[in-house]
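Q: Here are the chains, one letter per residue:
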Amino acid sequence: MIGNFLGVLFDGIAYGSLLFLIGIGLSVTMGLMNFVNLAHGAFAAMGGYVCVTAMNQLGVPFLATLPVAFIATALMGVVLERTLYQRLYKATPLDQVLFSIGLTFMAVAGMTYVWGPTQQPVRLPEFLTGQVHLLGLDLGVYRLFLIVIVVFVTAALVYLVDRTRFGAQVRASVDNQQASAGLGINVNRVFALTFALGSGLAGLGGGLGIDVLGLDPSFPFKYMVYFLLVVAVGGAGSIKGTLVAALVLGIFDVAGKYYAPQIGAFVIYALMVVLLVLFPAGLYGKKA
Amino acid sequence: MRNIRLRSSGLWAVLATLATLMVPATVVAAEPVKIGLILPMSGPFASTGKEIESAVRVYQKTHGDSVAGRKVEIILRDDGGTQPDVTKRLAQELVTKDHVQVIAGFGLTPLAMASAPIATQAKVPMVVMAAATSIIPTKSPYIVRTGFTLPQVTAPLADWAVAHKELKIRSVITMVTDYGPGIDAEKTFVSRFTAGGGKVVESLRAPLQNPDFAPFLQRIKDAKPDAVFIFVPSGVGTAVMKQFAERGLDKAGIRLIATGDLTDDNEMENIGAAAQGVVTSFHYSAAHDSPENKAYVAEMAKLGVRANFHSVGGYDGMHVIYEALKKTGGDSNGDKLLAAMKGLSWLSVRGPVTLDAETRDMIQTVYIRRVANVKGVWSNVEFDKVEKFKDPGVQ
Numbered sequence: 007m008i009g010n011f012l013g014v015l016f017d018g019i020a021y022g023s024l025l026f027l028i029g030i031g032l033s034v035t036m037g038l039m040n041f042v043n044l045a046h047g048a049f050a051a052m053g054g055y056v057c058v059t060a061m062n063q064l065g066v067p068f069l070a071t072l073p074v075a076f077i078a079t080a081l082m083g084v085v086l087e088r089t090l091y092q093r094l095y096k097a098t099p100l101d102q103v104l105f106s107i108g109l110t111f112m113a114v115a116g117m118t119y120v121w122g123p124t125q126q127p128v129r130l131p132e133f134l135t136g137q138v139h140l141l142g143l144d145l146g147v148y149r150l151f152l153i154v155i156v157v158f159v160t161a162a163l164v165y166l167v168d169r170t171r172f173g174a175q176v177r178a179s180v181d182n183q184q185a186s187a188g189l190g191i192n193v194n195r196v197f198a199l200t201f202a203l204g205s206g207l208a209g210l211g212g213g214l215g216i217d218v219l220g221l222d223p224s225f226p227f228k229y230m231v232y233f234l235l236v237v238a239v240g241g242a243g244s245i246k247g248t249l250v251a252a253l254v255l256g257i258f259d260v261a262g263k264y265y266a267p268q269i270g271a272f273v274i275y276a277l278m279v280v281l282l283v284l285f286p287a288g289l290y291g292k293k294a
Numbered sequence: 178m179r180n181i182r183l184r185s186s187g188l189w190a191v192l193a194t195l196a197t198l199m200v201p202a203t204v205v206a207a208e209p210v211k212i213g214l215i216l217p218m219s220g221p222f223a224s225t226g227k228e229i230e231s232a233v234r235v236y237q238k239t240h241g242d243s244v245a246g247r248k249v250e251i252i253l254r255d256d257g258g259t260q261p262d263v264t265k266r267l268a269q270e271l272v273t274k275d276h277v278q279v280i281a282g283f284g285l286t287p288l289a290m291a292s293a294p295i296a297t298q299a300k301v302p303m304v305v306m307a308a309a310t311s312i313i314p315t316k317s318p319y320i321v322r323t324g325f326t327l328p329q330v331t332a333p334l335a336d337w338a339v340a341h342k343e344l345k346i347r348s349v350i351t352m353v354t355d356y357g358p359g360i361d362a363e364k365t366f367v368s369r370f371t372a373g374g375g376k377v378v379e380s381l382r383a384p385l386q387n388p389d390f391a392p393f394l395q396r397i398k399d400a401k402p403d404a405v406f407i408f409v410p411s412g413v414g415t416a417v418m419k420q421f422a423e424r425g426l427d428k429a430g431i432r433l434i435a436t437g438d439l440t441d442d443n444e445m446e447n448i449g450a451a452a453q454g455v456v457t458s459f460h461y462s463a464a465h466d467s468p469e470n471k472a473y474v475a476e477m478a479k480l481g482v483r484a485n486f487h488s489v490g491g492y493d494g495m496h497v498i499y500e501a502l503k504k505t506g507g508d509s510n511g512d513k514l515l516a517a518m519k520g521l522s523w524l525s526v527r528g529p530v531t532l533d534a535e536t537r538d539m540i541q542t543v544y545i546r547r548v549a550n551v552k553g554v555w556s557n558v559e560f561d562k563v564e565k566f567k568d569p570g571v572q
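Sequences listed follow chains A and B, in order.
Counting in our numbering, the first sequence runs from 7 upward without gaps.
Counting in our numbering, the second sequence runs from 178 upward without gaps.
Derived from the structure by calculation, the hints contain no laboratory data.
A hint or two may mislead.
[What the hints assert, rightly or not] On the chain B side, residues computed to face chain A include the following (Cβ under 8 angstroms):
#1 D262
#2 Q386
#3 P388
#4 P410
#5 G412
#6 T415
#7 A416
#8 N447
[Said to hold, decoys possible] What the simulated footprint calls covered on chain B by chain A, stretch by stretch (three residues with Cβ under 8 angstroms from a Cβ of chain A suffice, anywhere in the stretch; the number is not a length):
#9 209-222
#10 391-405
#11 437-446
#12 468-476
Note that the Cβ used here is the ideal one computed from N, Cα and C, for glycine as well.
So here's chain B without its partners, still in its complex pose (with noise of 0.2 angstroms):
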């Protein structure tokens, strides 16, 4: 044991002169700027940060690594996705060791609401990708938003629900996983849809760590709603659908409506012929026909990945970067490229979007879309939208 600790202090000892040695060397370079990177790229959210992680590869493949006269540099963290004091220590790091400009990332919401305080002391840009409750842009004046909000792709869902008469969708049960956004989606769902007449049974909120959704589908098929309104993180989507048919609560008449997350097109293969027909309201589908989302997903294909909901937030988040230090001239101050990345107005791949100055958060098109299979992949076909969304924060 003690040998080992010596060794292994001896190797901190060479590691840290080699740093120090090379400290100088970086600084005296072209001045990179560099955009710390921190994604769950282990664990059980790891396929959160692969997602976003290829966007952003894509990205500077496609639009070049440098921009407005001055190199992008990305170093990428892994923060395992499940602790948050992880998370924020390695956003200090970042900041305080490597001098990056912008921070960005961060799979869930817990995880950005721990770092917040860490773009504020150090006025640096947070460019949230992924994580979705409503509430983060407040934690701190420097947080950007490219991805999504619970309430804002599930307000829209609501609203149809409540619109299409033809239908019949008049009683619904909630089913919702037990964590921040789930408690977003369901509440908005609630508020929206009884507002609209219409009647909300029961909610169920499922653990986060569930094995088994028999209990609950069960519960569901018995009081025999018209819908049921499901949010589960991507990834529990495949054994909730799966259990959904399998349990035949299609048969039993029983119309699901979710989120996008329940029908993730990164696991569309696997879901398959169980979720055919099923609706989902989300800002993204790899499905979107626009000449732009083609040629993203064709570079996303390159790297092994169907491009999803949550790589469209990365390569937003990148773009949202590029575009500011145009508008500084390359100019990396904190301030000044928050600045110049509020109102900034796009053609993302997911459709036109705006990063609302006010609240840091995407105006967005919200689609309406059906699962089904298209030349051979099941996808989600987009059929009706909400254009200019904007997020309507928890009810």
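Just chain A, with the same shape it has in the complex (with noise of 0.2 angstroms):
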């Protein structure tokens, strides 16, 4: 009994930080540049389409491609920024919204064109497949990649945003795009390398994604309802509440369906309103 409950808690938390890594670029876009990107999902899937392709047409082993996805979409999210993103940076966020999707809808129909609608294969090296048997539990591999990985990049975020001079620009940037200007800081470079560490993370996610989630074309829709959960539970903006948003829909989502499967498909969305009703601008959020 209590096997099946660690068990399951690891696949929460495995889950979770899934959840996290593809949702903390949206985080940063959205509580770092109050930009509301709902083309976030579009940039996750084009990480895991960078992936496919470097794997399958090019032969580069999978560990290898991640890197390469992660800077291929941050390099997109440069080249979108300063030619669209940038426009509606005063502009309200109907409009923001009314543009990314329409981004996202234009991405979907491009990745139907040049990969097809199908799934996408994905082989993951030897080492990353099966299961471990560790303290009577057998633990997936891929998953418990998965945990490090969230683990190294959450102390990576952490540290840039807390602790660097480019964090502090950030932070500066946000609060008073006027003042941080006027103190010499190049606030449009700020922005436009926020936006692409927020892309590039994304496109991280859906690589690492593939495997779980799968990947054709309309991902950005199918899961955008996930990120959007994680960013809103956990407070835009706020790494440590993103996280704690992702492992806890993480957790609840894999018990309910575990323990309770005839409901364990709304257990993640009661949790949500309950959450939000106590703490309306998310665990970690900046108050309204």
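Once you've looked at the hints, go ahead and assemble the two chains, each given alone in its own frame, into the complex.
A: Right, dumping it as structure tokens:
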């Protein structure tokens, strides 16, 4: 019984890690830049396609495709930010939503055209498949790997935003653009880099997610609810909040489906309602 | 904003004028038979649309684009696959504006159901090529279905599992996707399997939007049944198969049986070795051993598509329309076409089939298949079959 519970907890944490990896990029752009970027899932899907293409066409090993996916989507993010997104920084959230959802539709159509409508294959290296027997539990190796990645990504992000000069510039630019610009911070560059970071993280999450979530052109819409759920519950812009929210939602989703499969699918939505009633700005959100 | 709106309304005026100019021209010309083909060419079910559209093109390529002296014109519409009201509107437009004589396609059950009243009112045959819930043909007397039904392919599998005592499949957990066809499959499996003396320990239903199957599979693993019966729509199968193997359910001695959606031929390349030895039941396999099928698969491959079960629904749908036109001597009156379609028998690429005059569903062979690598291609290899099997309905 207790073994079952630990197993469920492990799967929940692993699933939460995946939610975190894909949601954190959205949290960054939405919270730090106040931009409602619903095309986030499209960046994630692009990351996935970069991985798959590099792996299957060019024969790059899976692990090596991950940084490639990060860089490629980050670059794409910069280009789109400079050409399109930056025009809408001062626009109303509704315009931003309309713009980014339009972009998503275009991305979906484009991906269907280029890669076709079917699921994309991903071959994990041998050492990432199967299960390991640890402390009386059978743990999926790939899920363990996801958790490790999340630990690293979180640590790196917290360090970047809280401890580095760039992080300070981002925080300053968000709080007061004019004053920051007056103090000599190149706000445009900071925003472009932040957007690139958010897009790159989406791409990384997309690449890591293929094995569990699959990858087809409808990916950006299929999982949009989950990204938004994580960011809304966690509080936009908070790395800690996104992590906690992703883990809580992941664990409850897995536990709900395991212990009460009849109602399991609704558990996370019920939880979202409760959490948002209690914390309207998200678990670690800024007070509006 | 205002400027754009003005411009677009101007554009509409031009288009409308063009349209009125063009209508008389097409009427005067050779009066083709028009088929309105509504498919999900975009959205999450775009692969279904692509398969059927390719099959329709292959049919016209191999059988000619005219029959009984009339040219057959396909008017393709994309319904996106998710909104029944969109499909219904497209069906209505095809009937009223384009004056089609047959509507065809229909990727999913709700889409077919929503469009059924249009067929009834317009007295136009509606050829359902993909949607697979049992109930569909009862929604309009003008519906004929050239695909299959979930109970039709599920029942033989339950019977097979019961009959083969040496496999020791006595207790089963069912896991289906929680929507029409999934529930049809679950009910059929449970009733057939328990009627045969087997025991269904638990029935799990996974939501349609389900990113992670881990909790369901873990629950199955911990319950240790002899086998698990799975139905998921094609496309989702890849994730399920991988996680099944990854989680070691096969090593725990749990046998996986499923309807052929799980090992969709179109997805087999992605699923690959994870599905080796999995037993499924279905009405079509791209590896079906007949000269007709080999030629068909080769033609589909030229369009860059690996033929799957949805495609044969489209291919045979075209066949039904062509044969009906032959029988009526080119008369495209809806009632006459419908009468000509009922009871047709032919040798399909899937094997011998009959379009049942009474239920307007296919009577066909259901095959039991095993996943194997045949000359480097992961395939569903047929090794047993139930001939002339009729949709048993949901009991």
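Q: Which hint numbers does the structure go against, in order from smallest to largest?
A: 1, 4 and 12
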